[in-house]
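Keeping their order, the protein sequence lines are chains A and B. When we follow this note's numbering, the leftmost residue of the first sequence carries the number 1, and every step to the right adds one. When we follow this note's numbering, the leftmost residue of the second sequence carries the number 232, and every step to the right adds one.
Worth flagging that the hints you see were computed from the coordinates, not collected in a lab. Glycine included, C-beta positions come from ideal geometry on N, C-alpha and C. Among the clues, some could well be false.
[Unchecked claim] Okay, the calculated beta carbon distance ranges per label pair:
| # | chain 1 | residue 1 | chain 2 | residue 2 | range |
| --- | --- | --- | --- | --- | --- |
| 1 | B | Phe-366 | A | Val-60 | 30 to 38 angstroms |
| 2 | A | Asp-6 | B | Arg-442 | 53 to 61 angstroms |
| 3 | B | His-256 | A | Gly-17 | 36 to 44 angstroms |
| 4 | A | Arg-48 | B | Asp-347 | 21 to 29 angstroms |
| 5 | B | Ile-443 | A | Gly-56 | 14 to 22 angstroms |
| 6 | B | His-256 | A | Ile-82 | 33 to 41 angstroms |
[To be verified] Now the stretches of chain B that chain A is said to cover, found in silico as 3 or more residues with beta-carbon under 8 angstroms:
| # | region |
| --- | --- |
| 7 | 295 to 307 |
| 8 | 388 to 398 |
| 9 | 429 to 442 |
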Amino acid sequence: MNGFFDIPSDLQNSYPGLIGLHLRESLLPVLVGLLAALPIAQLCVRFRWLYPPVLGVTTVLYAIPSLALFVVLIDYTGQSEITVMIPLAVYSLVVLVPAIVDGVRSVPQETLAAATAMGFGPVRRYVQVQLPIAVPAILAGLRVACVSSISLASVGALIGNQGALGNLLADAMFYHRPVLAVNSVVTTAALAIVVDAVLVLVRVLLTPWMPRSTRRTPKAAPAAALEDAVR
Amino acid sequence: MNVLSFVNAFFSDAAHWHGYDGIPHRLLEHVQYTLAALAVAAAVGLPVGLITGHTGRGGNALAFIATAARALPSFGLLVLMFVIIGLGLLPVMIPLVVLAVPPILVTTYEAMRSVDPSPVDAARGMGMAESRILFQVELPVALPLILSGLRSAAIQIVSTATIAAYVSLGGLGRYIVDGLYQRNYEKVVGGATLVAVLALVTLTLFWAVNRIAVSPGVRRSA
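The following block holds chain A by itself, in its conformation from the complex (with noise of 0.2 angstroms):
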């Protein structure tokens, strides 16, 4: 392992400084992402005949592989993060539409009857009803779409260098050392795994109610058609 963490000097970072400008790179677009599901999604919850189409689009948008949607992209956003950032936000918005639309309706129809007969407004119901009962489905999708993130967004490093982590990559190759290439992947792979870690450990501080020795929410019908939806 020697000289693992020393950083070749033309990627102008440090060790520290890549894994935060990877997980900038790859978490902002989640987060982009998922501000642009919500509205999306409880679209398709009001309006059932949008569902259809809305994942048809997606569906084919999820299709088109990361590097051509960066390529296409360049010409636009020129050879910058910007141009990694909007596919990864794009596929994000892909896995959490169908999170967010199966969590909301798997809120049974008694509970909704209940809580408008407390006198909740839709608002309210949707805000403190609808949303926390579907936070484990809408968990499992962030899960996904941040550890897919995390994992494309080294391919930026073949659109002129913007792939953070990933840019050890091109230099393991260039300089002939591969312990950068398994520092790369190590730390991505690392990476990932805390992040996953985190979101698990989100859901379980955001979902009290859940019994926590059953991993598995108790509906996992979600969480399957999720996985049908990833590409």
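Given the structure of chain A, go ahead and fit chain B onto it with the hints provided.
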């Protein structure tokens, strides 16, 4: 508009249609990588998923392996394998297979678990052997979900096989990577379009297989 004109220029250039660097040859290479990786991944993922799903054991271990495999960046793995093993098909196949196994494994397991237990019990009560229960009762019901797992794996492979060009192999990624280095934008966009189209064709293909292979009775209930 700009992109469209590039696409048009790329596909109307006759030089792109024949020879070693021609579209048919590159397309064939890409399809070959995809099929090989998918075959290996299915050979690993399907049996394990079917058996763990049938017995219901090892679900947690499976979820753990899938998460760990998904956390590995395929591009990073590709370059790492290339640096360690050197040129060849193997360093490309490893990341593609690692990429494709988790969706196949997890969806197959989930599909088998979500099969209604009453027909399975009925089959067992009729004295069917376990292997016949697996293949004649559970598999047909689980097939739509299993196919969706294979589909997501296939599409991931199609889109990721582009990076094989980065370690000097062929495939459609060749156009993208070469075009980037040569600053030949037409080539880059043309390659990207081809990959996207191939991904969509894959999507359609799986839809067709789904129509043909899935029993109408199962489809109606789904």
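Verification of the supplied hints:
1. B:Phe-366 to A:Val-60: 30 to 38 angstroms: holds (34 angstroms)
2. A:Asp-6 to B:Arg-442: 53 to 61 angstroms: holds (56 angstroms)
3. B:His-256 to A:Gly-17: 36 to 44 angstroms: Since the Cβ atoms of His-256 of chain B and Gly-17 of chain A sit about 43 angstroms apart, the hinted range of 36 to 44 angstroms holds.
4. A:Arg-48 to B:Asp-347: 21 to 29 angstroms: Roughly 26 angstroms apart at Cβ, these two residues keep to the hinted range, so it holds.
5. B:Ile-443 to A:Gly-56: 14 to 22 angstroms: Since Ile-443 of chain B and Gly-56 of chain A have Cβ atoms about 21 angstroms apart, the given range 14 to 22 angstroms holds.
6. B:His-256 to A:Ile-82: 33 to 41 angstroms: Holds - the Cβ-Cβ distance for His-256 of chain B and Ile-82 of chain A, about 35 angstroms, lies within 33 to 41 angstroms.
7. 295 to 307: holds (count 9)
8. 388 to 398: holds (count 6)
9. 429 to 442: Since three or more residues must qualify, the claim that chain A covers the region 429 to 442 of chain B holds, with 4 doing so at under 8 angstroms.
In the structure shown, no violation is registered for any of the earlier numbered hints.
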